[in-house]
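Asks: So the sequence shown is residues 270 to 505, counted in our numbering.
Note that these hints are calculated values from the structure, not bench results.
Note that the coordinates shown come from a computational prediction; the quantities given were computed from them, not determined experimentally.
Beta carbons are placed, not taken as given, at the ideal position from N, Cα and C, and that holds for glycine.
Fair warning: there could be bad hints in the mix.
[To be verified] List time: in silico SDA-like cross-link candidates among lysine to any residue, alpha-carbon distance up to 25 Å:
id, residue 1, residue 2
1, K442, F407
2, K458, N404
3, K493, P374
[Stated by the list, open to error] If you anchor each label on the Cβ, the simulated ranges turn out as follows:
id, residue 1, residue 2, range
4, K363, Y435, 18 to 28 Å
5, K458, D357, 13 to 23 Å
6, S471, G424, 13 to 23 Å
7, F358, N421, 19 to 29 Å
8, N384, A459, 17 to 27 Å
9, L454, N384, 12 to 22 Å
10, S444, S471, 29 to 39 Å
11, E403, N347, 11 to 21 Å
12, F431, C406, 31 to 41 Å
13, M416, K493, 27 to 37 Å
14, K363, I484, 24 to 34 Å
15, I484, K402, 19 to 29 Å
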Amino acid sequence: MFDNDLNNLFKTYNSIKNNLDGNENYNLISNNCIDFVSDFLEKSGVNGIKLAGTPKKNLKKIKEIAKDYKTPLIIDLNNNGVETLPYDFGVLFKFNGEKTGWVSPSDALLVMDKNSDGIINDSSELFGDDYLKENGCFALNGFDGLMDFDSNNDGFVSNDDFHWEYLKLWRDKNSDGKTQSEELLGLSKAGISSISLSYSFSDYVDENSNQHKLISEVTWIDGKKQILLMWFKQKI
C-alpha cells in the first residue's frame with residue numbers, strides 16, 4: 270500500500286531520480302515510466318502534477334507542492350472532528366512559509382518539548398515530517414515518529430510505555446503560534462490513556478484548504494476521539 274505522506278513520496282521519487290541522474294535526455298513518456306509514476310502520485314494523494322520531460326523537472330514539480338504543506342499530528346478535544354484555521358488568519362510558526370494553516374483553539378497539537386524549555390520552538394517538536402527520530406532519520410509521518418515511544422511494541426503509545434510523560438498537548442488558545450505555559454498539558458492530566466499507531470487514509474480537504482490525511486484514535490478516560498495527521502496549507 271502506498272503511504273499518503275509527502276516525505277515518503279519524495280524519498281521514493283528521489284530514488285527514481287538518482288538512478289537516472291546524469292541522463293538529462295531521458296524522457297519518462299518515451300521510456301514508458303509515465304504511467305507508473307502518475308499512478309504512484311495519484312495513490313499517494315498528490316494531485317495537480319503533469320509529468321513530462323526529464324525526471325529532474327518532474328522532481329522539481331513535486332518539491333514545489335511539498336513546500337505548500339506541513340504535517341503535524343492534531344488531537345480532537347471536543348469530539349466534533351479536528352478544526353483548523355486558514356493560512357491567511359495570520360498565524361506565524363517556524364515552518365517553511367511566512368504564514369501557515371493552523372489548529373483551531375478547540376483542538377490541540379501533539380508535541381514533545383525536546384529541550385525542556387517550556388516552549389515549542391519549531392516544527393522539530395511537533396510530530397510530523399520534521400520530527401527527528403532516535404535512529405537519526407526524519408519521520409515519514411507523525412505516526413512513524415510516535416513509534417519511538419511504543420517501548421512495548423503493542424501498536425499503542427500509552428502510560429505503559431517509557432517516556433509517556435514527555436508527550437504533551439499544545440492547545441494554542443490565542444492562536445498566536447507561540448507557546449504560553451498554560452497551553453501545554455501532559456496527556457495523562459488531559460485524560461488520555463493511549464494513542465493508536467494504526468491509521469487509515471483520508472482525502473478530506475476542509476474549508477480552509479488544510480488536508481486531513483491520516484486518521485487514528487485516541488482513547489480517553491471518557492471514550493474515544495480522533496487524532497489525525499494534517500497537511501497545513503502554507504503561504505510561501
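Asks: Would you mind marking each hint as holding or not holding in the structure?
Replies: Okay, the hints, checked on the actual structure:
no.	hint	verdict
1	K442 - F407	violated (29 Å)
2	K458 - N404	violated (29 Å)
3	K493 - P374	holds (20 Å)
4	K363 - Y435: 18 to 28 Å	holds (20 Å)
5	K458 - D357: 13 to 23 Å	violated (34 Å)
6	S471 - G424: 13 to 23 Å	holds (20 Å)
7	F358 - N421: 19 to 29 Å	violated (40 Å)
8	N384 - A459: 17 to 27 Å	holds (22 Å)
9	L454 - N384: 12 to 22 Å	holds (18 Å)
10	S444 - S471: 29 to 39 Å	violated (24 Å)
11	E403 - N347: 11 to 21 Å	violated (33 Å)
12	F431 - C406: 31 to 41 Å	violated (20 Å)
13	M416 - K493: 27 to 37 Å	violated (20 Å)
14	K363 - I484: 24 to 34 Å	holds (26 Å)
15	I484 - K402: 19 to 29 Å	holds (22 Å)
Of the numbered hints given earlier, the model fails hints 1, 2, 5, 7, 10, 11, 12, 13; all others are met.
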